[in-house]
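**Student:** Here the protein sequences come in this chain order: A and B. When you line the first sequence up against my numbering, it's residues 172 to 517, in that order. When you line the second sequence up against my numbering, it's residues 172 to 517, in that order.
Derived by calculation from the structure, the hints in this document are not laboratory data. Please note that the accuracy of each hint is not assured.
When chains are identical, the list treats them as one kind, so a pair holds in a single copy or across two.
Here are the simulated EDC-like cross-link-like pairs (lysine to aspartate or glutamate), alpha carbons at most 16 Å apart as the crow flies [unchecked claim]:
#	residue 1	residue 2
1	K463	E198
2	K463	E483
3	K463	E490
4	K463	D369
Number of protein chains: 2
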Amino acid sequence: MTTLAARVLSGEVRAASRLMRHVEDGEPSAVAELQTLFPHTGRAYVIGVTGSPGAGKSTLTDRLLAGLRRQGRTLGVLCVDPTSPFTGGAILGDRIRMQDHATDDGVFIRSLATRGALGGLSRATGDCIRILDAMGRDVVVVETVGVGQDEIDVAQMAHTTLVVTVPGMGDDIQAIKAGILEVADVFVVNKADLDGADRTVRELRQMLELRHAVRGQAGDHDARHRRARAPSAPPDQRPPEPAGPREWEPPILKTVATRDQGVQEVLAAVEQHRRFLDETGQRSVRERARAKMQFVALLRERLLREALGRLERERGRLEEVAAAIVDHEADPYALAEALARQLAEE
Amino acid sequence: MTTLAARVLSGEVRAASRLMRHVEDGEPSAVAELQTLFPHTGRAYVIGVTGSPGAGKSTLTDRLLAGLRRQGRTLGVLCVDPTSPFTGGAILGDRIRMQDHATDDGVFIRSLATRGALGGLSRATGDCIRILDAMGRDVVVVETVGVGQDEIDVAQMAHTTLVVTVPGMGDDIQAIKAGILEVADVFVVNKADLDGADRTVRELRQMLELRHAVRGQAGDHDARHRRARAPSAPPDQRPPEPAGPREWEPPILKTVATRDQGVQEVLAAVEQHRRFLDETGQRSVRERARAKMQFVALLRERLLREALGRLERERGRLEEVAAAIVDHEADPYALAEALARQLAEE
Numbered sequence: 172m173t174t175l176a177a178r179v180l181s182g183e184v185r186a187a188s189r190l191m192r193h194v195e196d197g198e199p200s201a202v203a204e205l206q207t208l209f210p211h212t213g214r215a216y217v218i219g220v221t222g223s224p225g226a227g228k229s230t231l232t233d234r235l236l237a238g239l240r241r242q243g244r245t246l247g248v249l250c251v252d253p254t255s256p257f258t259g260g261a262i263l264g265d266r267i268r269m270q271d272h273a274t275d276d277g278v279f280i281r282s283l284a285t286r287g288a289l290g291g292l293s294r295a296t297g298d299c300i301r302i303l304d305a306m307g308r309d310v311v312v313v314e315t316v317g318v319g320q321d322e323i324d325v326a327q328m329a330h331t332t333l334v335v336t337v338p339g340m341g342d343d344i345q346a347i348k349a350g351i352l353e354v355a356d357v358f359v360v361n362k363a364d365l366d367g368a369d370r371t372v373r374e375l376r377q378m379l380e381l382r383h384a385v386r387g388q389a390g391d392h393d394a395r396h397r398r399a400r401a402p403s404a405p406p407d408q409r410p411p412e413p414a415g416p417r418e419w420e421p422p423i424l425k426t427v428a429t430r431d432q433g434v435q436e437v438l439a440a441v442e443q444h445r446r447f448l449d450e451t452g453q454r455s456v457r458e459r460a461r462a463k464m465q466f467v468a469l470l471r472e473r474l475l476r477e478a479l480g481r482l483e484r485e486r487g488r489l490e491e492v493a494a495a496i497v498d499h500e501a502d503p504y505a506l507a508e509a510l511a512r513q514l515a516e517e
Numbered sequence: 172m173t174t175l176a177a178r179v180l181s182g183e184v185r186a187a188s189r190l191m192r193h194v195e196d197g198e199p200s201a202v203a204e205l206q207t208l209f210p211h212t213g214r215a216y217v218i219g220v221t222g223s224p225g226a227g228k229s230t231l232t233d234r235l236l237a238g239l240r241r242q243g244r245t246l247g248v249l250c251v252d253p254t255s256p257f258t259g260g261a262i263l264g265d266r267i268r269m270q271d272h273a274t275d276d277g278v279f280i281r282s283l284a285t286r287g288a289l290g291g292l293s294r295a296t297g298d299c300i301r302i303l304d305a306m307g308r309d310v311v312v313v314e315t316v317g318v319g320q321d322e323i324d325v326a327q328m329a330h331t332t333l334v335v336t337v338p339g340m341g342d343d344i345q346a347i348k349a350g351i352l353e354v355a356d357v358f359v360v361n362k363a364d365l366d367g368a369d370r371t372v373r374e375l376r377q378m379l380e381l382r383h384a385v386r387g388q389a390g391d392h393d394a395r396h397r398r399a400r401a402p403s404a405p406p407d408q409r410p411p412e413p414a415g416p417r418e419w420e421p422p423i424l425k426t427v428a429t430r431d432q433g434v435q436e437v438l439a440a441v442e443q444h445r446r447f448l449d450e451t452g453q454r455s456v457r458e459r460a461r462a463k464m465q466f467v468a469l470l471r472e473r474l475l476r477e478a479l480g481r482l483e484r485e486r487g488r489l490e491e492v493a494a495a496i497v498d499h500e501a502d503p504y505a506l507a508e509a510l511a512r513q514l515a516e517e
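Next comes chain A alone, as it looks inside the complex (with noise of 0.2 Å):
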């Protein structure tokens, strides 16, 4: 057995947070850990928090551990940074955000920052719940600080993921509809003591109609499969019309997080949704869809490794490859299928 990986397997800290370290760089040394960890995986609940920035997500989630660490679970947090795309790392310092759990050895928290030339950072967060999963942690949270593709990405990682906004940021709501609405298994609008929180509360509910009307008219028989109803749903939930039986309808909560505010309901929420996964069978769906999530963006970056690896010997470092493109010397498409080929080729 790989040294890390055994000191991970029995909760030590330290190494896991070296081979996070190693899993973050891509370094080549850190996959034979992760398959000696692979068979310890799979029992960590997963909770992924997103949505706008600005959204005090980082708060509401700095009270979520709180109220886990009540209830006597032990934790893993992943908060998921956008890196500097030229400096490889967060250049102004590591966030020193929930200080409150330093001390406390049932919560590990790690930042992930550092992205790299290939883009892994689906990859790094999926190698790093595995990682948390098999050190023993109960309950893996991801939060996301942006709210693009790969967070979104991210967010489908999670068995549940909260969706967090504020009052007042009707543009938002507009931008976040498209992606971030069809992950959300649990609406959260923050700062509810600002003007306008219940009017996001009915703008978030028209939302949610509209895309069972969509849904209705597209004949979208998987999408209405997947759409559920909470067992009971809470006073807040009101579903917009009437449900099936296997259905998950999304709640809308609002919380105050800096007064610990409608947090212990947010709570419940997510214990509801977990209960409903298992009472469904639907948690081995979500298991899918993350195996699926992890896997391809593990092949993506190895794939692209190997090949960019390849074209170095062969054409020569990247930045001459792209010179040559610029100056049309060189045809991208060309050499994208001339390398996607030998892949094909035994």
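Dock chain B against chain A, hints included.
**Tutor:** Okay, now just chain B, sitting in the frame of chain A:
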């Protein structure tokens, strides 16, 4: 010469529209068309507009388009939207924005929303920029909705990148600092009639100063070479420290896009940045970075398609492989290694 490409080269909007749809859908037939167009690319000036959701980016883009049209430029506009991962498209209908330009042949607007299983948003954006370039558009404006990793990639495809924010989003600035700050050539504080606009300008300036300080400490020669001062700084710019002669200091400009205030100044800053890139030879640096980004995105998707095709022939559908991974019957790391090794062996 392929049919669609020939029609695109003659400036035909319907052909460009159709080819873009093929590109977005990842249709293999699009590759030959793109290869035909490729020698005719490299003339358009690309402007990126990114920043937090809710910052009024679309209104600002609208005004910028009007200003560029008054200068007599022909325009191609790409609105890059997050995608619904389940429905494979924006479920709530296409954006019906920027209607002012709907009857103007000089403005060709296209939303990029579909993403597909292989995550080819960056690749599709790069290809669509080339199509607009080949059809002879003087300026291509790429507006992103989210603020995630893919959006940062897309922003790096521009010659000049505008980062738009609004007053009073302190957390927001924290969130965008790491990634977006580094790609900004011009900062725009929109909705500057709201309280706190000057404070936001101040905060942005402090972040730029901090960036200098960090870079200075780190002895990051590359970064210092890249950093550059505007040839003639507008009053709002006020570089935080004396900078070398070949450095560009991103100006921080205030706008009220809904009232068309400050928009001319933004266009002037874009023009100033364009001249700076030309005079310092940095334009080709940008274009190489873009070519690199586009090529990596292209290669990544192409390889993944090939590998997943192979996987399906040998091990069954991706969904089945994912199920086997969840059941620990398949090891994702070993599978990815095996597929990558096939690429390495001739």
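**Student:** Which numbered hints does this structure break?
**Tutor:** 1 and 4
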